[in-house]
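There are 2 protein chains.
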Amino acid sequence: MKKLINHVDTVLAESLDGFAAAHADIVTLGAERQFVRRRSLKPGKVALISGGGSGHEPLHAGFVGHGMLDAACPGQVFTSPTPDQMLAAAQSVDGGAGVLFIVKNYSGDMMNFQMAAEMLDVENATVLVNDDVAVENSTYTTGRRGVAGTLIVERIVGAAAERGDTLAELKALGDAVNKATASMGVALTSCTVPAAGKPTFQLGDDEMEVGVGIHGEPGRRRVKLTDADGIATELVGAILKDLALKPGQPVILLVNGFGGTPSLELYLMVNAAMKLLGAAGVQVVRHLTGTYVTSLEMAGCSITVTAVNDEWLQLWDSPLQTAALRWGM
Amino acid sequence: MKKLINHVDTVLAESLDGFAAAHADIVTLGAERQFVRRRSLKPGKVALISGGGSGHEPLHAGFVGHGMLDAACPGQVFTSPTPDQMLAAAQSVDGGAGVLFIVKNYSGDMMNFQMAAEMLDVENATVLVNDDVAVENSTYTTGRRGVAGTLIVERIVGAAAERGDTLAELKALGDAVNKATASMGVALTSCTVPAAGKPTFQLGDDEMEVGVGIHGEPGRRRVKLTDADGIATELVGAILKDLALKPGQPVILLVNGFGGTPSLELYLMVNAAMKLLGAAGVQVVRHLTGTYVTSLEMAGCSITVTAVNDEWLQLWDSPLQTAALRWGM
Chain W
1 MKKLINHVDT VLAESLDGFA AAHADIVTLG AERQFVRRRS LKPGKVALIS
51 GGGSGHEPLH AGFVGHGMLD AACPGQVFTS PTPDQMLAAA QSVDGGAGVL
101 FIVKNYSGDM MNFQMAAEML DVENATVLVN DDVAVENSTY TTGRRGVAGT
151 LIVERIVGAA AERGDTLAEL KALGDAVNKA TASMGVALTS CTVPAAGKPT
201 FQLGDDEMEV GVGIHGEPGR RRVKLTDADG IATELVGAIL KDLALKPGQP
251 VILLVNGFGG TPSLELYLMV NAAMKLLGAA GVQVVRHLTG TYVTSLEMAG
301 CSITVTAVND EWLQLWDSPL QTAALRWGM
Chain C
1 MKKLINHVDT VLAESLDGFA AAHADIVTLG AERQFVRRRS LKPGKVALIS
51 GGGSGHEPLH AGFVGHGMLD AACPGQVFTS PTPDQMLAAA QSVDGGAGVL
101 FIVKNYSGDM MNFQMAAEML DVENATVLVN DDVAVENSTY TTGRRGVAGT
151 LIVERIVGAA AERGDTLAEL KALGDAVNKA TASMGVALTS CTVPAAGKPT
201 FQLGDDEMEV GVGIHGEPGR RRVKLTDADG IATELVGAIL KDLALKPGQP
251 VILLVNGFGG TPSLELYLMV NAAMKLLGAA GVQVVRHLTG TYVTSLEMAG
301 CSITVTAVND EWLQLWDSPL QTAALRWGM
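Quick mapping for you: the protein sequence lines, in order, are chains W and C.
When the first sequence is numbered by this note's numbering, its final residue is 329 and no position is left out of the sequence of numbers.
When the second sequence is numbered by this note's numbering, its final residue is 329 and no position is left out of the sequence of numbers.
The reader is advised that the hints may include incorrect statements.
Copies of one chain are not kept apart here, so a pair can be met inside one copy or by any two copies together.
[What the hints assert, rightly or not] Here are the simulated DSSO-like pairs of lysine-lysine, each with C-alpha atoms no more than 30 Å apart in a straight line:
1) Lys171 - Lys42
2) Lys2 - Lys275
3) Lys2 - Lys224
4) Lys198 - Lys2
5) Lys45 - Lys179
6) Lys42 - Lys241
7) Lys224 - Lys171
8) Lys2 - Lys241
9) Lys241 - Lys179
10) Lys224 - Lys198
11) Lys275 - Lys224
12) Lys275 - Lys179
13) Lys241 - Lys171
14) Lys171 - Lys45
15) Lys246 - Lys179
Just so you know, these hints were derived from the structure itself, not from any lab.
Using the sequences and the accompanying hints, generate a full structural model.
Right, dumping it as C-alpha cells:
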C-alpha cells in the first residue's frame, strides 16, 4: 500500500485537522472531530447535515459552507458515521428552524441517520439520495445507491435553505432534485482502504467495471476496457433511459472523477458526453467537471445528469462558498 | 495502459473541446486549438500568457480568466507548445500594453517562448519560474525546474495586471514572487503518457522518488517509502533551507497533488506541513490544497511555500475567476 499517511489509525483525524486548518475561514471541527461545521451559522435557517464514510472527499466536508451544508459527519473510511456524531452535529448547527439530513442510500448510513433522527428532539426530515442507475440492490445497499448526484442535491437544497425555505419545502425540493438526477460510473482500477492495506477488488489489466459503486461495489458487468466514446455511450444511455427527458430539456452535466483520473481524461469525457446529450436533444445549461465524489485513488469517472427548471438553475448559480466549490462570493 | 481515451492522437484535441464547452462562460479556444484564451479581454491591460506541455492540468488552461492568465498554449502531453502557438496567442490577447510570458524552466519551453518573444512585434517580457529546490539541472532542464509555484506566480502577477500594473512592473513582480517561492515534490507512482503507452519510469512497490519533477524526472534520491511526517520533514526542510525565512514571516502554503493522490492524503500532508512550519516560526496566512499542477495520474504531492507581504496577499485575495480557481466573484 502506497499512501501519504503516518498510521492507519490516525489517517482520518490528521486529515480532518489539516482540512480544518486549511479552511478555517469557512469551517470548524466539532469536539472529538465528530463533525465539520460552518464557522458562522445563520439563525432561523433550516440546518442541512450530511455525512457518510470518508474516502469520498471532497464529499461531504468540502461542501460545508454558505449555500450548501451546515455540517458533515465523517465516518472512518468507507464506514458510516455513528448516530452520536449526527446528533452532536444537529445540536451544534440547529438554528431553530429544524434539521434536514441528506443521506446517500447505503444501509449503514440509512440505519444510523434514522436512529439519529429518532433520538433528535428537534423537528427534522431526511432526503434520501439514490441517483445511481447502474443496479438495483448492491453490496452495501438495498435499492439504488447514492453517488455523485448527492452533490447536486446538496447544492440546490443548500441554496434554497439559504434563501429561507422551510423544512417541509426543502424536503420536497430535495426529493424532487433526487428524482430528476441520474448517475452511472465506470472504474478502471480499484482503490485501497488504508485499514485493509490491499485493493478492495481485483480488476484485470484490460478490464473495467461498468456501473461501479463509490466503494468499488460491482456494477452491471466487468468487461474489456473500451474507448471513451463507448463508455460514454453506455453511461449516458443508461441515464437518459432512466430520466426519460423531453427534447430541449435543460440539464446540469456533472462529469466526476473517482480520485485517480487526470483532468485531461475528465474533459475528454465531457466532450464525449456533450455529443451524446446533444444528439439526444438535451440542452446542457451548466457543467461541473472535477474530482468531487471519490473512491480514494480509484481511476474512473461517473456521469450525472440533473433535469432542471429555471428556479433550480437560479439556486445552482446563487452565491456558494465551501472548501471544494465556490462561486459568486 | 488504462485511460479514458479514444485515440492516442486525439486526446488533447478532444479534451480541449470538452474544456472549452464546460467553461464557455470564461474561455474560448483559438483557431486549430492553438491556445485557450479569455472570452472577454480588458483593453489596456498587459496580457499574461503561459503554456507548456499538457498533462499538468489544470495548469495552465484552468488558470485562464479574470485575475490570472489571458491565454495558455497547450503542447502535446509533456511536450512544449510551438512558437507559432505562442505568437497566435499573443496576437489574439494583446491589449496594447504589452505581453508578459510566464514560463516554467524547461529547456524546450524556454527555447520556444524565446523564439516567440523574438518574433513578436509587440513589447514583451518573460518571467521564468524555477521554484523546484530538489535539484540543480535535470532531465529536461538546465538549472532549477519550474513546478507548482508557477500557480502562485501566475495568480499574484495576474492580479497585479488586472489592477493596471505596467509590463515592467509585472516583470519585476513576477521575478520577485518566483524568488520568494520554493517547492519540492515526492512521487509514489509513475505516470503513463498516452502516446508512450507505458509508465514514464519504474518505481518499486515500496519505493518513492524524493524531489521528483512534474514529468517524473529523477529527484534527489529513490528510497523506501516512509511515513507522511518523514516526507513532509524532508520537503519542508529543503524549502525552508532555500528560502531562509525570518521568524514570523507570513507565507502561502500550497499542498499540491500530482493527479492520483486522494484529498484525504493531501490534507493529512497539510497537517504535517503546518506542524513543521509552525515549529520553524513561520506563519501560514493562506492555504491552497488540491490537485493543481499534475503529472497525469501520478500519485504523490508537492509542497510549495511563498513568502508574502501585505501587498502580495491583497493581490492573492483579489477577485479571481478561472475554471480551476475561483473566489471573490
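A quick look at each hint next to the structure:
no., hint, verdict
1, Lys171 - Lys42, "within (19 Å within a copy, 44 Å between copies)"
2, Lys2 - Lys275, "between (38 Å within a copy, 23 Å between copies)"
3, Lys2 - Lys224, "both (26 Å within a copy, 11 Å between copies)"
4, Lys198 - Lys2, "both (10 Å within a copy, 20 Å between copies)"
5, Lys45 - Lys179, "within (24 Å within a copy, 47 Å between copies)"
6, Lys42 - Lys241, "neither (40 Å within a copy, 45 Å between copies)"
7, Lys224 - Lys171, "neither (42 Å within a copy, 52 Å between copies)"
8, Lys2 - Lys241, "between (40 Å within a copy, 28 Å between copies)"
9, Lys241 - Lys179, "within (13 Å within a copy, 56 Å between copies)"
10, Lys224 - Lys198, "both (23 Å within a copy, 18 Å between copies)"
11, Lys275 - Lys224, "within (23 Å within a copy, 46 Å between copies)"
12, Lys275 - Lys179, "within (24 Å within a copy, 45 Å between copies)"
13, Lys241 - Lys171, "within (26 Å within a copy, 55 Å between copies)"
14, Lys171 - Lys45, "within (14 Å within a copy, 48 Å between copies)"
15, Lys246 - Lys179, "within (15 Å within a copy, 57 Å between copies)"
Of the numbered hints stated above, those contradicted by the structure are hints 6, 7, listed in ascending order.
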